[in-house]
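Residue numbers (this note's numbering): 1 to 136.
For each label pair, taking beta carbons as the anchor points, the in silico distance ranges come out as:
1) 15 / 80: 21 to 29 Å
2) 31 / 65: 16 to 24 Å
3) 65 / 106: 30 to 38 Å
4) 71 / 38: 36 to 44 Å
5) 9 / 52: 23 to 31 Å
6) 7 / 101: 42 to 50 Å
7) 41 / 84: 21 to 29 Å
8) 39 / 70: 36 to 44 Å
9) 15 / 45: 28 to 36 Å
10) 7 / 30: 31 to 39 Å
11) 96 / 34: 15 to 23 Å
12) 105 / 6: 44 to 52 Å
13) 76 / 133: 14 to 22 Å
For the record, the hints were derived by calculation from the structure and aren't laboratory data. What you are looking at is a predicted structure, and each value in this text was computed from that prediction instead of being measured. For every residue, glycine included, the Cβ atom is placed at its ideal position computed from N, Cα and C.
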Amino acid sequence: MSDAERPPRSTGNKIVRFAIVGLANTAIDLASFFLLLKLGVSPLPANIAAWFIAVTFSFAANGFWSFERNRAIRLHDAFLRFASLGGLISLGVSSLSIALFATTVGVWPAKICGVVVAAVLNFLAARWSIEGRLLK
1 MSDAERPPRS
11 TGNKIVRFAI
21 VGLANTAIDL
31 ASFFLLLKLG
41 VSPLPANIAA
51 WFIAVTFSFA
61 ANGFWSFERN
71 RAIRLHDAFL
81 RFASLGGLIS
91 LGVSSLSIAL
101 FATTVGVWPA
111 KICGVVVAAV
121 LNFLAARWSI
131 EGRLLK
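Start from the sequences and build out the full structure, keeping to the hints where you can.
Right, here's the structure in full:
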């Protein structure tokens, strides 16, 4: 069955799929962050690099499994939207969390707090980036 013949997924189905991809994405982000810290990279650059690795995976998985990609949006443009919003939301929130709280609660709790806060906003951002819409 082609994409055009397939009925659209429900919002609930998209949320479940997005959550599954999000769990995998978070594991990739945290594993990359851990590895980079072990290699001696300082926390903020490690966070940026880990985010880039994870966002590349997340775009591919969400674009081809969680959402119905709007073919009118070029793949390159969809990735730029996704990565830009992901940068503002995920990278911005997690880096801000690390910068503000790492010295008081530790690097890991600060990183995890940032990941959790950003997850909710990322669903709407991903949907807009890939499907070209926020609601409906």
